[in-house]
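The listed protein sequences derive, respectively, from chains A and Z.
Oh and the first sequence: position 7 is 7 in my numbering, straight run, nothing missing.
Oh and the second sequence: position 27 is 27 in my numbering, straight run, nothing missing.
Hints are computed from structural coordinates only; laboratory data are not their basis.
If we take Cβ atoms under 10 angstroms as the criterion, some of the chain A residues that face chain Z in the derived model are:
| id | residue |
| --- | --- |
| 1 | R43 |
| 2 | V87 |
| 3 | Q108 |
Even for Gly, the Cβ is constructed at its ideal location relative to N, Cα and C.
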Amino acid sequence: GENVEQHPSTLSVQEGDSAVIKCTYSDSASNYFPWYKQELGKRPQLIIDIRSNVGEKKDQRIAVTLNKTAKHFSLHITETQPEDSAVYFCAARGGAGGTSYGKLTFGQGTILTVHP
Amino acid sequence: ETGVTQSPTHLIKTRGQQVTLRCSSQSGHNTVSWYQQALGQGPQFIFQYYREEENGRGNFPPRFSGLQFPNYSSELNVNALELDDSALYLCASSLGGGLDGELFFGEGSRLTVL
Numbered sequence: 001g002e003n004v005e006q007h008p009s010t011l012s013v014q015e016g017d018s019a020v021i022k023c024t025y026s027d028s029a030s031n032y033f034p035w036y037k038q039e040l041g042k043r044p045q046l047i048i049d050i051r052s053n054v055g056e057k058k059d060q061r062i063a064v065t066l067n068k069t070a071k072h073f074s075l076h077i078t079e080t081q082p083e084d085s086a087v088y089f090c091a092a093r094g095g096a097g098g099t100s101y102g103k104l105t106f107g108q109g110t111i112l113t114v115h116p
Numbered sequence: 001e002t003g004v005t006q007s008p009t010h011l012i013k014t015r016g017q018q019v020t021l022r023c024s025s026q027s028g029h030n031t032v033s034w035y036q037q038a039l040g041q042g043p044q045f046i047f048q049y050y051r052e053e054e055n056g057r058g059n060f061p062p063r064f065s066g067l068q069f070p071n072y073s074s075e076l077n078v079n080a081l082e083l084d085d086s087a088l089y090l091c092a093s094s095l096g097g098g099l100d101g102e103l104f105f106g107e108g109s110r111l112t113v114l
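With the hints as extra help, turn the sequences into a complete structure.
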């Protein structure tokens, strides 16, 4: 089945700095890659996603890049703010022909702390 | 507001007992998937229901079972509870058998097994 590895497990930055979280996946048939933000005791909330036919997507301070050849994708947050502090999860959804068809596999999470 | 609601929000059970968790999907969504999130871990896929049929399952034993009803709401049942079943159980709804589009998560049901 699909395996998604996420790094780093913790990330501490100063307010205004950039933060980068990286994920790799194993199933080359995966075709959808969402990123979720989860605050303590809350549900995961989608912050940005990218499909396999796109290399980069940006939404204000958040961007995601995808390298299908290398099977890795990254989340970039610029001008970080204390309210960005949360746990971030990457995920990959298996595509047709793969062993994880339609299934969303999550990374282990990154605890981001933004210091004022 | 995502519209996915789960009940109960918290519950405590003892080993060997059975539990049923419930989920109402967002209006118009015909697909419900269930995830187990242990403390400090990412959500793990349990199974998915599309139009009342299970159409995908993760690496969970048969004592984890489910149902989807004609109104697309769903239940997760866990028999013979074990201590390791303590976790946040998340329900997510989507369209199209989970093959396309965003998943909308509920707030979860936090299960503690003593």
